[in-house]
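Using the numbering used here, read the first sequence as starting at 51 and increasing by one per residue.
Keep in mind that the hints were calculated from the coordinates and are not lab data.
Some hints here could point you the wrong way.
What the hints assert, rightly or not - Only pairs whose alpha carbons sit at most 30 Å apart, straight line, appear in this in silico DSS-like list of lysine-lysine:
id, residue 1, residue 2
1, 466, 446
2, 255, 243
3, 446, 369
4, 417, 446
5, 444, 417
6, 255, 369
7, 167, 243
8, 167, 369
9, 444, 466
10, 417, 466
Values in this document were obtained by computation on a predicted structure and should not be read as measured data.
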Amino acid sequence: MCGMRPLPGFRDFYPEDCARRGYLLDGWRAVACRHGFVEVDGPVLESMDLYAKKNESGAEILGQLYQFTDRGEREVALRPEMTPTLARMVIAKERDYRKPLKWFSIANFFRYERQQKGRLREFIQFNADLLGDASTAADAELISLAIGVLREFGFTRDDFVIRLSDRRAWMDFLAARGCDEGAARAVLAIIDKLDREPEASLDAKLAPHGLTVAELRAFIAAASPEHFAPLLDQFEARGLREFVEVDLSIVRGLAYYTGLVFEAFDRGQSMRALAGGGRYDNLLADLSDGSVNLPAIGFGLGDVVLGNLIEETPRAREKMERALGAAPAAEIYVVIAGEARRREALGLVQSLRDAGWRTDFPLDAAKVGRQFQTADQLGARFAVVVGNEWPAVKIKTLATRAEDSVAHGALAEWLKTAHV
RNA sequence: GUGGCCGUAGCUCAAUGGUAGAGUCCCAGAUUGUGAUUCUGGUUGUUGCGGGUUCGAGUCCCGUCGGUCACCCCA
Numbered sequence: 051m052c053g054m055r056p057l058p059g060f061r062d063f064y065p066e067d068c069a070r071r072g073y074l075l076d077g078w079r080a081v082a083c084r085h086g087f088v089e090v091d092g093p094v095l096e097s098m099d100l101y102a103k104k105n106e107s108g109a110e111i112l113g114q115l116y117q118f119t120d121r122g123e124r125e126v127a128l129r130p131e132m133t134p135t136l137a138r139m140v141i142a143k144e145r146d147y148r149k150p151l152k153w154f155s156i157a158n159f160f161r162y163e164r165q166q167k168g169r170l171r172e173f174i175q176f177n178a179d180l181l182g183d184a185s186t187a188a189d190a191e192l193i194s195l196a197i198g199v200l201r202e203f204g205f206t207r208d209d210f211v212i213r214l215s216d217r218r219a220w221m222d223f224l225a226a227r228g229c230d231e232g233a234a235r236a237v238l239a240i241i242d243k244l245d246r247e248p249e250a251s252l253d254a255k256l257a258p259h260g261l262t263v264a265e266l267r268a269f270i271a272a273a274s275p276e277h278f279a280p281l282l283d284q285f286e287a288r289g290l291r292e293f294v295e296v297d298l299s300i301v302r303g304l305a306y307y308t309g310l311v312f313e314a315f316d317r318g319q320s321m322r323a324l325a326g327g328g329r330y331d332n333l334l335a336d337l338s339d340g341s342v343n344l345p346a347i348g349f350g351l352g353d354v355v356l357g358n359l360i361e362e363t364p365r366a367r368e369k370m371e372r373a374l375g376a377a378p379a380a381e382i383y384v385v386i387a388g389e390a391r392r393r394e395a396l397g398l399v400q401s402l403r404d405a406g407w408r409t410d411f412p413l414d415a416a417k418v419g420r421q422f423q424t425a426d427q428l429g430a431r432f433a434v435v436v437g438n439e440w441p442a443v444k445i446k447t448l449a450t451r452a453e454d455s456v457a458h459g460a461l462a463e464w465l466k467t468a469h470v
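Make the full structure from the sequences, and use the hints.
Written out as structure tokens, the structure reads:
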């Protein structure tokens with residue numbers, strides 16, 4: 051009310067929302083580290099030049115920037131993606147690091163677009179990039195990370211698939227059909243819409259290039275597996291072959307991709323791509339005017355679509371709920387049964403906290419029944435009752451309602467054995 | 001930027017153009033030290049906002065803001 055809502059496309063994170071977000075970020079970070087990637091980050095605010103330089107033709111992209119003039123008269127923008135920042139960082143200090151670079155980042159991004167399912171104006175994205183290695187082994191390593199991230203949340207081959215494609219296959223095909231590079235780019239944009247636009251309208255767009263939808267579909271259907279055989283073998287060796295398939299209809303929208311491109315989809319096809327990426331072997335050289343020439347491959351994965359798919363997939367949702375349930379607001383609730391013992395209870399609370407237990411207690415005098423109810427609602431495993439029996443305390447295991455009694459000095463030991 | 005649908009209590013939703021309601025949540029209590037149920041009581045509304053039609057508008061019309069979905073775009 052009172053107009054005190056967050057801006058369109060922006061989110062408040064209440065405790066349960068923060069817990070969910072933490073679950074996603076922890077999973078991303080854990081899997082990336084497990085794959086030998088290290089974390090990097092950059093500023094939320096960047097100079098406009100960083101984006102203007104990369105997208106000479108991208109007036110559309112510039113129009114989606116949160117852009118303004120700062121108090122120092124600088125033209126700046128909130129970051130809409132990680133790649134320009136990453137490219138700048140790599141170009142500046144790449145000689146300080148052994149190759150290949152295996153970097154990942156977890157960052158929030160801002161795009162001024164109308165929101166819809168799976169798309170907001172501020173979102174969080176996991177980005178991973180492998181730089182300085184142009185091999186198929188590097189391709190497989192990066193895509194395996196994408197698979198690993200999705201599997202981490204409980205998804206299986208029944209839930210998602212990575213579609214592999216290669217722009218070089220298309221460029222060779224189109225060159226053989228007489229398209230120059232500019233025409234080929236235009237055709238790629240049309241291929242990107244194959245399933246979304248009526249065939250007749252696509253045929254009309256293809257006519258100037260001497261092509262038809264039928265011919266494109268025939269090429270997609272005839273996708274030569276030999277070309278992908280070395281890559282597919284890498285997944286075979288990792289036991290991940292079932293998570294990938296070749297699909298040349300994937301071309302991705304960005305102009306800077308130079309070869310392999312891929313997208314992750316939910317098997318139900320009920321939402322937009324979960325993740326997408328590809329090779330951009332020329333970008334660093336282009337941005338650094340040739341001074342840094344590193345091949346690179348990377349992908350991004352957003353929190354919004356991933357969160358939606360987790361909610362819609364029972365196996366994944368249950369896994370998340372288990373994880374969140376395992377981290378209650380309090381493990382131990384100290385019940386103060388007699389206010390005369392509040393000082394002793396405070397000392398006990400402090401010692402439990404120092405010992406590493408998530409501990410809570412009532413700030414005000416309250417009925418014992420109410421205190422137990424609070425303990426229950428916080429998700430505590432144990433209630434420790436401090437009252438007349440001091441220096442002994444009662445320990446109640448809330449789930450079983452079993453009660454035990456120990457000297458307060460022996461509580462830490464009791465909890466340690468009970469916890470195992 | 002374009003279009004469809006939607007906007008009523010904190011939340012989920014009712015109400016033929018005729019007195020704005022239910023459930024839930026939250027708070028308090030049910031003979032003073034034991035939590036899931038139950039019972040009782042209580043708070044909460046400029047019906048998103050602004051105009052218009054009408055004797056009368058939550059309801060119909062226009063605008064606006066927001067939500068949602070699709071187009072555009074997808075880094």
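These are the hints, each one checked on the structure:
no.: 1; hint: 466 to 446; result: holds (15 Å)
no.: 2; hint: 255 to 243; result: holds (11 Å)
no.: 3; hint: 446 to 369; result: holds (28 Å)
no.: 4; hint: 417 to 446; result: holds (17 Å)
no.: 5; hint: 444 to 417; result: holds (16 Å)
no.: 6; hint: 255 to 369; result: violated (47 Å)
no.: 7; hint: 167 to 243; result: holds (19 Å)
no.: 8; hint: 167 to 369; result: holds (23 Å)
no.: 9; hint: 444 to 466; result: holds (16 Å)
no.: 10; hint: 417 to 466; result: holds (29 Å)
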